[in-house]
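Numbering (UniProt numbering), first residue to last: 1 to 218.
Just to be clear, a hint being listed does not mean it is correct.
[As the list claims (entries may be wrong)] Below 27 Å or equal to it, Euclidean Cα-Cα: the simulated DSS-like pairs (lysine-lysine) are:
#: 1; residue 1: Lys-53; residue 2: Lys-30
#: 2; residue 1: Lys-172; residue 2: Lys-191
#: 3; residue 1: Lys-204; residue 2: Lys-178
#: 4; residue 1: Lys-8; residue 2: Lys-53
#: 5; residue 1: Lys-27; residue 2: Lys-53
[Said to hold, decoys possible] Pairwise CB distance ranges, derived in the manner of DEER restraints:
#: 6; residue 1: Gln-143; residue 2: Lys-53; range: 18 to 28 Å
#: 7; residue 1: Lys-8; residue 2: Ala-157; range: 29 to 39 Å
#: 8; residue 1: Arg-112; residue 2: Gln-143; range: 49 to 59 Å
#: 9; residue 1: Ser-93; residue 2: Lys-172; range: 20 to 30 Å
These aren't lab readings, by the way, just hints derived from the structure by calculation. Idealized CB from N, CA, C, for every residue including glycine.
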Amino acid sequence: MSYMANRKSHAVLTPYPLQGHINPLFKLAKLLHLRGFLITFVHTEYNHKRFLKSRGFNALHGSPDFRFETIPDGLPPPLDADADGDVSQDVPSLCDSIRKNFLQPFRDLLARLNHSATDGLIPSVTCLVSDGSMASFTVRAAQELAVPNVICWPASACSFLSLINIPALVEKGLIPLKDESYLTNGYLDSKVEWIPGMQNFRLKDIPDSKVEGRSKVS
């Protein structure tokens with residue numbers, strides 16, 4: 001077992017904890033597994049319970065080289081959750097918790113995985129593959145382990161281009177909005193023509209939370 005463990009590369013994949021982000025990274029994980037990687041796929045505890053409810057406990061009984069691990073999300077259960085807690089979480093709260101609370105549990109998980117590698121049970125972690133929305137903590141964790149961290153962006157290229165230009169939009173004073181009147185006075189139809197590759201781009205095309213600057217408008 002230890003001989004086989006030492007031969008395999010070990011990729012830890014961490015999707016953003018919403019369905020539209022989990023599915024693409026899960027497909028990538030399966031492709032890497034077919035190429036010989038040992039896979040550790042990281043869910044939040046909340047989404048892992050939803051996964052088991054949807055697919056059943058037998059869904060985890062597959063290859064020993066394709067593993068699932070969990071980390072806490074630092075959030076209370078959603079107020080509108082049913083008895084089984086099957087509801088998507090509030091996105092702004094989730095983003096805030098990812099930034100503030102995910103690094104240490106993720107460090108602890110990587111330490112446990114590498115401890116198992118020391119015992120010869122699995123290979124050491126050789127690379128991280130993380131959703132771009134999780135980079136706030138995965139990049140630092142990868143630097144601490146001195147392993148590569150591949151960033152996967154499952155959304156559109158346009159959304160990526162708009163997000164990486166948020167600092168420039170803020171610097172130019174275009175966002176966040178000054179007050180709520182800007183939501184309805186036509187300001188959001190203002191064109192932004194200086195982002196390469198983004199023709200006919202308007203302020204309203206930027207994700208809402210970035211445009212509104214929730215702490216200032218609400």
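Which of the listed hints are broken here?
4, 6, 8
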